[in-house]
Amino acid sequence: EVTVWTGVNSSGKSTLLGQVMLAAVEQRFPVCAYSGELPDRIFRYWIDLQAAGPSWVREEWREDRKASVYRPDPECIKAIRSWYRDYFFLYDTKCVASEENLLEVFTYAVQRYGCRVFTVDNLMTTVTSGTERDYFRKQSEFIGRMVEFAHQYDVHVHIVAHPRKTQGSAPITKMDVAGSGDITNRADNVLALHRCTRKEKLEDGANRCEAKLKVFKNRFGGRQDIEVQLDFDFKSKRFFLPSDPQGPNWVYSWVYETGEAKRQLKEWESLGTVVSSGLFS
1307 EVTVWTGVNS
1317 SGKSTLLGQV
1327 MLAAVEQRFP
1337 VCAYSGELPD
1347 RIFRYWIDLQ
1357 AAGPSWVREE
1367 WREDRKASVY
1377 RPDPECIKAI
1387 RSWYRDYFFL
1397 YDTKCVASEE
1407 NLLEVFTYAV
1417 QRYGCRVFTV
1427 DNLMTTVTSG
1437 TERDYFRKQS
1447 EFIGRMVEFA
1457 HQYDVHVHIV
1467 AHPRKTQGSA
1477 PITKMDVAGS
1487 GDITNRADNV
1497 LALHRCTRKE
1507 KLEDGANRCE
1517 AKLKVFKNRF
1527 GGRQDIEVQL
1537 DFDFKSKRFF
1547 LPSDPQGPNW
1557 VYSWVYETGE
1567 AKRQLKEWES
1577 LGTVVSSGLF
1587 S
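Residues 1307 to 1587 (the working numbering) are what the sequence shown spells out, left to right.
Note that these hints are calculated values from the structure, not bench results. Just so you know, not all the hints are guaranteed correct.
[Said to hold, decoys possible] Think about it this way: if two alpha-carbon atoms lie no more than 25 angstroms apart in a straight line, the pair counts; the simulated BS3-like pairs of lysine-lysine are: (1) Lys1480 - Lys1520; (2) Lys1480 - Lys1541; (3) Lys1523 - Lys1541; (4) Lys1518 - Lys1541.
Quick caveat, the model's predicted, so the values are computed rather than measured.
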């Protein structure tokens, strides 16, 4: 399948997709990501934070920045990277990846490493053209080629597509996805992530949340026009369901490789705490 993700800048699309990729790794499905915006070191830093979770993230004061930064505990970094080694591949290029290069890399990732889940972040950094009309046509063609790729190899491709500019903080609709309507027509699923404003949180009162994930299209499941509330842990960059009693504190299986993790897991087990692999597992 092909899933198109949309949302305004800084809504959390790339962050949430990182969790989707980690959930696949937890189930031992190799993944391959292309990020046309984040440098490889920043991309890996975010993934390490999400894999670590709040229990293994430490706050450090940076005098040069006059601010605190969050870093995974040094003890867990080795275990985390060993856990996703051979399962998480990043296509790192210093220039914009062309459609041909991206498809070539993705095809190699399937055939050589057995990758099953792919991310293109984002469409604008992949498809370029001199004229608006030609640009929209190329976007449509690219989505079509990704659909063919997904069907040929039985894989899932996630594509980030920025929305058109909307008035103020008006909610995004399926028609707001930038480009031609073929983008959403050809995709199997269309999701939009909306980051709640301060005003919206005040209006929602006790039901307030940090973000809302909207399902605009779900071809095979048949569910659409539904909304999922999400909260967010800034420390570990994890989205989670407000109704989940464990919040953002789920663990991935790398924890069984660290001494401190084993000690804490035993403590949790003695207290009867339920541990699972979290959202999208």
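Quick rundown of the hints versus the structure:
For a cut-off of 25 angstroms, the pair hint linking Lys1480 to Lys1520 stands: about 10 angstroms separates their Cα positions. Restraint check for Lys1480 and Lys1541: not satisfied, since their Cα atoms lie roughly 31 angstroms apart, outside the 25 angstroms limit. Pair hint Lys1523 plus Lys1541 does not hold up; C-alpha atoms about 31 angstroms apart against a cutoff of 25 angstroms. Restraint check for Lys1518 and Lys1541: the C-alpha separation of about 19 angstroms stays at or below 25 angstroms, so the hint holds.
Figure legend: structure checked against the earlier numbered hints; hints not met, in rising order: 2 and 3.
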